[in-house]
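Q: What follows is the residue order along each chain.
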Amino acid sequence: MSALSIRNLTKTYSNGVQALKGIDLTVEKGEFFALLGPNGAGKSTTIGIVSSLVNKSGGDVEIFGHSLDRERALAKKKIGVVPQEFNFNQFEKVYDIVVTQAGFYGIPIAEARRQAEKYLRQLGLWEKRQSAARMLSGGMKRRLMIARALVHEPELLILDEPTAGVDIELRRSMWDFLIGLNEQGRTIILTTHYLEEAESLCRRIAIIDHGVIVENTDMRSLLEKLQVETFVLDLQRPLQSAPELCGFHVRLRDAATLEVDVPKTESLNRLFGALAEQDIQVLSMRNKANRLEELFVRLVERNADLAGKEAAS
Amino acid sequence: MSFTEQWVAFLTLVTKEIRRFVRIWPQTLLPPAITMSLYFVIFGNLVGSRIGDMGGFDYMQYIVPGLIMMSVIQNSYGNVVSSFFSTKFQHSIEEMMVSPMPAHVILTGYMVGGIARGLMVGGIVTVLSLFFTHLTLQHAWITLSVVVMTAALFSLGGFINAVFARNFDDISIIPNFVLTPLTYLGGVFYSLELLPDFWRAVTLANPIVYMVNAFRYGILGVSDVNVYTSLGTIALFVLGFYILALWLLRRGTGIRA
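If you're matching them up, the sequences are chains L and Z in order. This note's numbering applies: residue 455 is where the first sequence begins, and numbers increase by one. This note's numbering applies: residue 16 is where the second sequence begins, and numbers increase by one.
Simulated from the structure, these hints should not be mistaken for lab results. Treat the hints with care, as some may be off.
Below, computed lysine to any residue pairings styled on SDA-like, alpha-carbon distance capped at 25 Å [claimed, not checked]:
#1 Z:Lys103 x L:Glu546
#2 L:Lys582 x Z:Thr30
#3 L:Lys572 x Z:Gln21
#4 L:Lys742 x L:Arg756
#5 Z:Lys103 x Z:Ala272
#6 L:Lys532 x L:Glu571
#7 L:Lys679 x L:Val754
#8 L:Lys582 x L:Gly593
#9 L:Lys718 x L:Arg658
#10 L:Lys547 x L:Gly619
#11 Z:Lys103 x L:Asp523
#12 L:Lys595 x L:Ser654
#13 L:Lys595 x L:Gln576
#14 L:Lys532 x Z:Pro117
#15 L:Lys547 x Z:Thr30
#16 L:Lys718 x L:Arg674
#17 Z:Lys103 x Z:Ile39
#18 L:Lys532 x L:Lys572
#19 Z:Lys103 x L:Arg588
#20 L:Lys572 x Z:Thr30
#21 L:Lys595 x Z:Arg271
#22 L:Lys595 x Z:His106
#23 L:Lys532 x Z:Ile270
#24 Z:Lys103 x L:Asn509
#25 L:Lys532 x Z:Arg271
#26 Z:Lys103 x L:Asn469
#27 Z:Lys103 x Z:Val37
#28 L:Lys595 x Z:Lys103
#29 L:Lys718 x L:Leu699
#30 L:Lys532 x Z:Arg265
#31 L:Lys742 x L:Gly701
#32 L:Lys532 x Z:His119
#33 L:Lys475 x Z:Arg266
#34 L:Lys547 x Z:Ala131
#35 L:Lys742 x L:Arg707
#36 Z:Lys103 x L:Leu590
#37 L:Lys483 x L:Arg658
Between beta-carbon pairs, the in silico distance windows are [what the hints assert, rightly or not]:
#38 L:Leu528 x Z:Leu219: 47 to 53 Å
#39 L:Gly470 x Z:Val142: 55 to 61 Å
#40 L:Thr466 x Z:Arg34: 37 to 43 Å
Using N, Cα and C, we set each Cβ at its ideal position, and we do this for glycine too.
Please take these sequences and the hints and turn them into a complete structure.
A: And the structure:
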């Protein structure tokens, strides 16, 4: 059974903007799934419809086999949502926010308190439980939203930009927490602007742009589509000009730094061999950009070109 | 959701609502106590002593039921309109929308929260009035029915207002420009018998007249209108407002894009 099944989902807002143009998407149980796309692509609209915050114009959504139209309550029980914006009462206490949310799912008060304690402790907020939510730091507020989303033990957790504006240390600890949840069997759907995050965490990925899914595959297959990778090499001695290396496109970024485009058909051994022949010693090497980021930009640019051609014809 | 789960969700929402207005009591419970005390001092003691009897009671006794009802109306309406609009404004309404709580549980929860504040303020005003005059309850069930149904009606009115409100100005228009004039002209301070025929007929089109008079009948045993007609009319309005509010909530009007 799929955790999430979306069929021909459309959404046209009252101002005429067609945010979704009939998307199909399936997320299997236990997956760690990334939904990526540029701003305005339709990610938040899709998540909004799945979490009942946005009315759909057409299509079907099923969550663990429960239709959002016909078995809404059953479907909703399966989902926990962590939205992009803080959406709790800033004047309420941290503990009350989580316990109240459990109550909205019909969880009796004693169990609600146990669940709230469990997740507030796991997310490092137990000491802050009597603080008003507005007194928390940005990172703590994000963790509060995760605790609130988990309090009813959903099988599918949807996170919309969960690490936006969060410092690196906290981001890494949130990644570990989410990986742990996924390993326990929870299905996770994530939208993010940090493509490194998607590449590190997710095994499957869909890219949405202009309201259509332009790619939906596993991470390995997607990265294999990358034809050229660009590496940055830090050199031991400065150069006057970029060296000629057969089969590679080389640019001099500054006197001691080279940028080399390596086609997928070429090996790094041959690159280093060619550099050694010219007595160029490399101290260190790194990717110019995240691999997924390069691919994402190319896919979105290609889709924009196609959309432009369609509009012209 | 099973019935038990719905009951838990309902109690959670009602508790949340009551906790909200109790937490901010200097904004919610204190102001009506001060305002109504001033009414008692000025209109009851200072001016009232020169007016003499009205409807067979001294003026202070005559206006107390109307003032209690005025505070119930204003506070039940104000509670729901501000609470529900705040949840929209802060997006915390999404906490309920993502949950499996049915629309009727959400609506009833807000309505009961509004009734609770209306009754609490009504109780405070009643206790304060006893420092200024003597009251005997003539018809307990009628008093209770009228005050609960009136609080329910205005809670639902506040909810509908909040559904359509887009900014904070929108939640003050109805209380300031509709509720206050209708309440002041709703027979709180005078008997309809004092009015010329034309204005008496006009006044009878004001629904608050029926609520104030039915409540006054419950406490003092006198009314300018038929009490059972009043009760029936209020009940019909409660039903109509409930159906309308539920329909708006299910559609997601003002809530879902």
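Q: State for each hint whether it applies.
A: Do the hints match the structure? See the list:
Our distance criterion of 25 Å between C-alpha atoms is met by lysine 103 (chain Z) and glutamate 546 (chain L), whose separation comes to about 15 Å. Distance restraint check for lysine 582 (chain L) and threonine 30 (chain Z): the Cα-Cα separation of roughly 22 Å lies within the 25 Å cut-off, and the hinted pair is therefore satisfied. Restraint check for lysine 572 (chain L) and glutamine 21 (chain Z): the C-alpha separation of about 24 Å stays at or below 25 Å, so the hint holds. Simply put, lysine 742 (chain L) and arginine 756 (chain L) have alpha-carbon atoms about 21 Å apart, close enough for the 25 Å limit, and the pair holds.
Restraint check: the Cα-Cα separation between lysine 103 (chain Z) and alanine 272 (chain Z) comes to about 13 Å, which is no more than 25 Å; the hinted pair holds. Only pairs whose Cα atoms come within 25 Å are accepted, and lysine 532 (chain L) paired with glutamate 571 (chain L) is accepted, the gap being roughly 21 Å. Restraint check: the Cα-Cα separation between lysine 679 (chain L) and valine 754 (chain L) comes to about 14 Å, which is no more than 25 Å; the hinted pair holds. For the proposed pair lysine 582 (chain L) and glycine 593 (chain L), the alpha carbon gap of about 13 Å is at most 25 Å, so the pair holds.
Annotation: proposed proximity of lysine 718 (chain L) to arginine 658 (chain L) holds, straight-line Cα distance about 22 Å (limit 25 Å). Only pairs whose Cα atoms come within 25 Å are accepted, and lysine 547 (chain L) paired with glycine 619 (chain L) is accepted, the gap being roughly 23 Å. With a C-alpha separation of about 24 Å, the suggested pairing of lysine 103 (chain Z) with aspartate 523 (chain L) holds against the 25 Å cut-off. Proximity of lysine 595 (chain L) to serine 654 (chain L) is assessed by CA-CA distance (about 23 Å); at most 25 Å being required, the pair is judged to hold.
The hinted pair formed by lysine 595 (chain L) and glutamine 576 (chain L) meets the criterion: a straight-line CA distance of about 14 Å does not exceed 25 Å. Distance restraint check for lysine 532 (chain L) and proline 117 (chain Z): the Cα-Cα separation of roughly 16 Å lies within the 25 Å cut-off, and the hinted pair is therefore satisfied. A threshold of 25 Å between alpha carbons decides the hint, and for lysine 547 (chain L) with threonine 30 (chain Z) the separation of about 14 Å falls inside it, so the pair holds. Of the pairs offered as hints, the one joining lysine 718 (chain L) and arginine 674 (chain L) holds, with about 14 Å between alpha carbons and a cut-off of 25 Å not exceeded.
Distance hint between lysine 103 (chain Z) and isoleucine 39 (chain Z) is fulfilled; the C-alpha atoms sit about 19 Å from each other, no more than 25 Å. Straight-line distance between C-alpha atoms of lysine 532 (chain L) and lysine 572 (chain L) comes to about 19 Å, which keeps the hinted pair within the 25 Å bound. Proposed proximity of lysine 103 (chain Z) and arginine 588 (chain L) is supported: the alpha carbons are some 17 Å apart, at most 25 Å. Proximity of lysine 572 (chain L) to threonine 30 (chain Z) is assessed by CA-CA distance (about 23 Å); at most 25 Å being required, the pair is judged to hold.
The straight-line distance between the Cα atoms of lysine 595 (chain L) and arginine 271 (chain Z) is roughly 24 Å, inside the 25 Å bound, and the hint therefore holds. About 14 Å separates the Cα atoms of lysine 595 (chain L) and histidine 106 (chain Z), which keeps this hinted pair within 25 Å; it holds. At roughly 22 Å between alpha-carbon atoms, lysine 532 (chain L) and isoleucine 270 (chain Z) fall within 25 Å of each other, so this suggested pair holds. As the CA atoms of lysine 103 (chain Z) and asparagine 509 (chain L) are separated by approximately 16 Å, the hinted pair is consistent with the 25 Å bound.
Restraint check for lysine 532 (chain L) and arginine 271 (chain Z): satisfied, since their Cα atoms lie roughly 21 Å apart, inside the 25 Å limit. Among the hinted pairs, lysine 103 (chain Z) with asparagine 469 (chain L) is consistent with the structure: their alpha-carbon atoms are about 21 Å apart, no more than 25 Å. The suggested pairing of lysine 103 (chain Z) with valine 37 (chain Z) holds, with an alpha-carbon distance near 21 Å, which does not exceed 25 Å. At roughly 19 Å between alpha-carbon atoms, lysine 595 (chain L) and lysine 103 (chain Z) fall within 25 Å of each other, so this suggested pair holds.
In summary, the hint linking lysine 718 (chain L) to leucine 699 (chain L) is supported, as the alpha carbons are separated by about 16 Å, within the 25 Å threshold. For the given pair, lysine 532 (chain L) sits about 21 Å from arginine 265 (chain Z) by alpha-carbon distance, which is consistent with the 25 Å threshold. Distance restraint check for lysine 742 (chain L) and glycine 701 (chain L): the Cα-Cα separation of roughly 19 Å lies within the 25 Å cut-off, and the hinted pair is therefore satisfied. Taking the CA atoms of lysine 532 (chain L) and histidine 119 (chain Z), the gap is near 21 Å; set against the 25 Å cutoff, the hint holds.
Using a Cα cut-off of 25 Å, the hinted pair lysine 475 (chain L) and arginine 266 (chain Z) holds, with the two alpha carbons roughly 23 Å apart. In summary, the hint linking lysine 547 (chain L) to alanine 131 (chain Z) is supported, as the alpha carbons are separated by about 22 Å, within the 25 Å threshold. Between lysine 742 (chain L) and arginine 707 (chain L) the CA atoms are separated by roughly 11 Å; this keeps the pair inside 25 Å, and the hint holds. Using a Cα cut-off of 25 Å, the hinted pair lysine 103 (chain Z) and leucine 590 (chain L) holds, with the two alpha carbons roughly 21 Å apart.
Restraint check for lysine 483 (chain L) and arginine 658 (chain L): the C-alpha separation of about 12 Å stays at or below 25 Å, so the hint holds. Between leucine 528 (chain L) and leucine 219 (chain Z) the beta carbons are some 51 Å apart, a value that agrees with the proposed interval 47 to 53 Å. Checked against the hint of 55 to 61 Å, the pair glycine 470 (chain L) and valine 142 (chain Z) passes, with Cβ atoms roughly 57 Å apart. Roughly 40 Å separates the CB atoms of threonine 466 (chain L) and arginine 34 (chain Z), a value that falls within the hinted 37 to 43 Å.
The structure agrees with every numbered hint stated previously.
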